[in-house]
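If you read the protein sequences in the order shown, they are chains S and L. Take 1 as the starting number for the first sequence in our numbering and just add one per residue. Take 1001 as the starting number for the second sequence in our numbering and just add one per residue.
Check each hint, because a few of them may be wrong.
[To be verified] One side only, chain L facing chain S, incomplete, derived with CB under 7 Å:
#, residue
1, R1006
2, L1026
3, R1051
[What the hints assert, rightly or not] Ranges between beta-carbon positions, derived for each pair:
#, chain 1, residue 1, chain 2, residue 2, range
4, L, L1106, S, T192, 35 to 45 Å
5, L, G1084, S, D218, 49 to 59 Å
6, S, G52, L, L1292, 54 to 64 Å
In case anyone wonders, no lab produced these hints; they're calculated from the structure. From a predicted model like this one, the values you see are computed outputs, not experimental measurements. Built from N, CA and C at the ideal position, the CB exists for glycine as well.
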Amino acid sequence: MRSAAVLACGYGAYLLYAFATGALYFYLHPVYIVPCAITGVVLIALAGLAAGRGGQRVPGAAAAMLALPLALGFLLPPQPLSPATAAQRGVQPLALGRGERPVAFEPLARPETYTIKDWIKAFAIDPEPARHAGKPVRVTGFVHHDDTLPPGWFLVARFVVQCCAVDAQPVGLPVRAPTPPAGGRWITVEGTWDVADVDGARRAVVSATVVIPTVRPDQPYLY
Amino acid sequence: MSWLARGQDGVTIFLGVIVEATPFLLLGVLVSQALALGLTGNGVPRWLPRRRLASLVSMAGLGMLFPVCECGNVPVARRLLGRGVPAAAAMVFLLSAPALNPVVALSTYAAFREQPAIVGYRLGLTFAVALAVGLLLSVHPRPETLVRAGPAPFAHDSTVAGPSRRVRAFARGALDEFAEMGAVLVAGAALAAVTQMVVPRATLLGIGQGPATSVAVMMLLAVVLSICSTVDAFVALAYAGTFSDGSLVAFLVFGPMIDLKSVLLMLRVFSVKTVALVVAVTAEAVFLLGLLLNYGVG
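Take the sequences, apply the hints, and build the full model.
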């Protein structure tokens, strides 16, 4: 592991492994996925060209540093950001995530196909809860409980990623259900938008008709 | 359970930064090796103007040709130093190129379509601050002490005959540099991931509302987050509603120049004293400019 060619080959192999297994979707915006795979191929090709006797050795500390992400990447099962980090970063109900502007949003014909992010953009364009009341909702996300919400409410949330996991921002829709599910679970919520009176203020909330436990999607983030 | 999940998230952020930066790092070392091939000989490149100000200005513009972020620029800067480009000029390149390039200009415009002035401030102030730091370094009485003493950068012997040997030498030079810079990138990514998991974002945001404190907090955030300059505009936009314009510009100007990983990379090339001086001068200049913008001078 002391040769730069061997280490570069390891990085190339890791990028291709993460590409093939879909793990890159846990780390990056999809626009960077193909460049990453190409980088993997180029690194392996360079390692092949550089192979042979007489190269410099990478200093021990640098080699150990470089081996760390390879060990973590190959040995640990890849995981997307968890709801625990959503709690740390703070989820604002119906608030746009970083970098999001509703300008490019065209209301679709079938609101039941909206993602959580689509709904947030729709509310950014028209914040009046009454004008959304009655529209059908079907979204998938994880459950996030927040003390500032009225009793019986929770958020169905997703991370929005601009570039990579470091900038992931959680966004969520408020949901009202007779029996709120446990925090962190992935669910699909079906229901309709409703207007609720909370301490004298009118607030939009999804009145859930069904809450279906589901598995985490292969692409867990929204973009 | 929560701590286990948080640990896993730290690993995800860590790998995310590395995976996202690796293509840019590879691009940087390939450009650096190509420069080594193209800039054979020992003299200062002929295209670089001899007059001090002209050479510094042209180094600031050089970033336009290298759409590479801060991790990719250090190998290029070191290559230029190896060819006899003065330390002050190489530092101007290092400070300006990450933000003064077409990719960053486009991504900043994409993020701030509704406030195009932010893009102008970002590019203009980056140019001004980098040039000011370069002028300061260029009057240093002993310029040879600015650069880190140590072995010369990995340079293959390009005079070796035979095309296949030259290809091998090129690949070796690129991968040696990739390994050296990559190790620093890994350290920076680890630091950024740990800080993100340990320092609650709310702690930073709670402090910065005033015209001065908001600038300081956004500059600190830029250092802590260490996000690539090609995408940091989208991060800045998240604070557009709550933070002053001056602090957003300070974030966008300071972040590409000084952050955890770029400082570690700079230390590979410049002496500790030089890096400390550049960090201090850059931080003061950006802070004052952010403050001026907030008080409506801009």
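We went through each hint and held it up to the structure:
{"no.": "1", "hint": "R1006", "verdict": "5 Å, holds"}
{"no.": "2", "hint": "L1026", "verdict": "5 Å, holds"}
{"no.": "3", "hint": "R1051", "verdict": "38 Å, violated"}
{"no.": "4", "hint": "L/L1106 / S/T192: 35 to 45 Å", "verdict": "41 Å, holds"}
{"no.": "5", "hint": "L/G1084 / S/D218: 49 to 59 Å", "verdict": "53 Å, holds"}
{"no.": "6", "hint": "S/G52 / L/L1292: 54 to 64 Å", "verdict": "57 Å, holds"}
The structure shown violates just one earlier hint, number 3.
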